[in-house]
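*Asks:* One letter stands for each residue in the lines below.
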Amino acid sequence: MIRDFEYLSPKTLEEALAFLSQYQDECKIIAGGQSLLILMRQGLIAPEYLVDIKGITELNYVQAEAKAGLRIGALTPHRAIEKSPLMKNSFSVLAEMEHRLASIQTRNWGTIGGNLCHADPAGDPTSVLMALNATVTTASVKGKRTMAVEDFCKDYFETALQHDELLVEIQVPPAPPHTGAAYTKFNIIETDMAMVAVAVSITLGTSKDVCQDARIVLGACASTQLRAKKAEEVLRGKKITAGLLKEAGQVASQEADPISDVTASEEYRRELVKVLVPRVGQKALDRARQA
Amino acid sequence: MKKELKLTVNGQPYELYVKPGTLLVEVLRNELDLTGTKRGCESASCGACTVSLNGMAVKSCTILALQADGGDILTIEGLAKGTELHPLQKAFLDHGALQCGFCTSGMLMSAAGLFHEKPTPTLDEIKEAIDGNICRCTGYNSIIRALSAVARGEYKEQR
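Protein sequence lines, in the order shown, are assigned to chains A and B. Residue numbers for the first sequence follow the numbering used here, beginning at 35 and rising by one. Residue numbers for the second sequence follow the numbering used here, beginning at 45 and rising by one.
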């Protein structure tokens with residue numbers, strides 16, 4: 035049973051921010067509720083006030099601009115991103131990620147902003163957004179803040195959001211030339227959370243030979259999605275070979291800080307990182323060469 | 045405090061008052077007596093509670109009833125037209141696509157969502173559409189055969 039609470043359903047961003055400012059830590063925000071309602075039903079969260087923002091249509095959009103890149107409203111459902119014609123070229127990895135997120139039912143109702151704010155280290159969107167160097171904008175009655183997705187994720191189920199703040203938009207910058215990105219997750223049941231997830235973005239130099247930049251992100255390997263920065267260094271400035279990708283995987287495996295739980299042991303997760311980083315890296319590399 | 049909730053369920057408008065913590069599945073089953081929608085895992089994993097909300101398949105155990113306010117809901121009870129079964133239901137019968145039947149209403153509502161989105165889905169799309177629905181009688185193959193037959197146009201839409 036879900037404990038009683040006061041239900042508030044603002045229809046505009048302004049109204050929502052006023053509620054958050056008024057109730058602060060007594061309230062919890064619900065978007066699609068695909069994660070939150072499970073926690074509420076288990077009694078792990080029992081807010082006094084629930085601010086339902088799902089009906090704020092002004093935060094449900096996907097726009098592409100040549101300079102700014104992709105702008106995704108926080109309340110855009112996963113399924114809308116998966117099916118959006120704007121998810122092409124360097125952004126297509128976002129659609130691929132959404133395609134593998136939970137089930138169609140969950141994607142129909144759940145939102146990308148809700149997923150980010152739930153801050154599960156196994157959450158799919160965060161890994162990909164970090165690999166794509168994405169930023170997020172938060173709003174409160176005091177104003178807006180924009181920060182890297184990396185800085186938004188603080189700890190297990192913890193974000194940089196203040197009590198009076200709402201996540202309003204995600205921005206994905208246009209990729210530099212000759213950039214390719216890929217994502218995969220390992221799980222036994224397709225609709226489950228990732229045991230380990232890996233997102234890689236690789237940018238090649240003008241000769242499409244030498245790696246100019248690389249971003250390697252590990253999901254479900256630490257208290258938040260984690261940049262494997264030492265592994266990225268292994269690739270940067272070098273001509274990427276299968277051997278080099280294998281080395282990056284081994285380094286990333288050392289950087290990972292996974293826990294053991296019912297789905298996998300720490301040791302098993304580290305092995306998965308060793309396997310998945312070269313596999314996803316190769317896919318990103320192939321795409322960079324074609325870009 | 046109870047809140048007003050307006051829903052259209054299987055074409056019929058309802059106005060009722062619910063506690064904010066009430067889930068959509070609880071309204072359908074307990075208030076409206078539409079018990080064809082099942083409660084299974086109650087954690088958005090099994091899909092037995094799947095209904096169509098504004099044309100989309102959703103899990104009614106993981107949506108607050110108030111979030112569906114003003115919505116148009118179709119449950120398994122609304123799939124058939126009178127005594128005439130829906131093409132998906134006919135296909136399920138012909139292909140023996142159910143055993144114990146507990147997952148069936150959810151499977152059918154997921155399938156309804158799929159065919160609403162795309163009348164001629166591919167085999168992969170059919171499999172993906174029922175990804176979120178668990179059948180413990182291992183009936184997947186017969187369900188996939190039934191849905192493939194509908195996709196091939198072997199069961200005519202009645203409307």
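Treat the hints loosely; a few may be bogus.
As the list claims (entries may be wrong) - With a cut-off of at most 30 Å between alpha-carbon atoms, the simulated DSS-like pairs for lysine-lysine come out as follows:
| # | chain 1 | residue 1 | chain 2 | residue 2 |
| --- | --- | --- | --- | --- |
| 1 | B | K63 | A | K62 |
| 2 | B | K46 | A | K62 |
| 3 | A | K45 | B | K47 |
| 4 | A | K45 | B | K46 |
| 5 | B | K50 | A | K45 |
| 6 | A | K176 | A | K122 |
| 7 | A | K308 | A | K242 |
| 8 | A | K242 | A | K45 |
| 9 | A | K122 | B | K50 |
| 10 | B | K47 | A | K122 |
| 11 | A | K317 | B | K171 |
| 12 | B | K47 | A | K62 |
| 13 | B | K46 | A | K117 |
| 14 | A | K45 | A | K178 |
| 15 | A | K62 | B | K50 |
| 16 | B | K63 | A | K117 |
| 17 | B | K171 | A | K117 |
Stated by the list, open to error - Where chain A lies over chain B, by a calculated footprint (3+ residues, C-beta under 8 Å):
| # | region |
| --- | --- |
| 18 | 76–89 |
| 19 | 119–129 |
| 20 | 182–192 |
Hint data in this document are derived by calculation from the structure and do not stem from the laboratory. Think of the CB as a built atom: it goes at the ideal place given N, C-alpha and C, for glycine as much as any other residue.
*Asks:* Against each hint, give a clear statement of whether it holds in the structure.
*Replies:* Going down the list of hints, with the structure as the test:
no.	hint	in the structure
1	B:K63 <-> A:K62	holds (17 Å)
2	B:K46 <-> A:K62	holds (19 Å)
3	A:K45 <-> B:K47	holds (17 Å)
4	A:K45 <-> B:K46	holds (20 Å)
5	B:K50 <-> A:K45	holds (17 Å)
6	A:K176 <-> A:K122	violated (36 Å)
7	A:K308 <-> A:K242	holds (25 Å)
8	A:K242 <-> A:K45	violated (49 Å)
9	A:K122 <-> B:K50	violated (39 Å)
10	B:K47 <-> A:K122	violated (43 Å)
11	A:K317 <-> B:K171	holds (25 Å)
12	B:K47 <-> A:K62	holds (18 Å)
13	B:K46 <-> A:K117	violated (37 Å)
14	A:K45 <-> A:K178	holds (19 Å)
15	A:K62 <-> B:K50	holds (24 Å)
16	B:K63 <-> A:K117	violated (35 Å)
17	B:K171 <-> A:K117	holds (18 Å)
18	76–89	holds (count 4)
19	119–129	violated (count 0)
20	182–192	violated (count 0)
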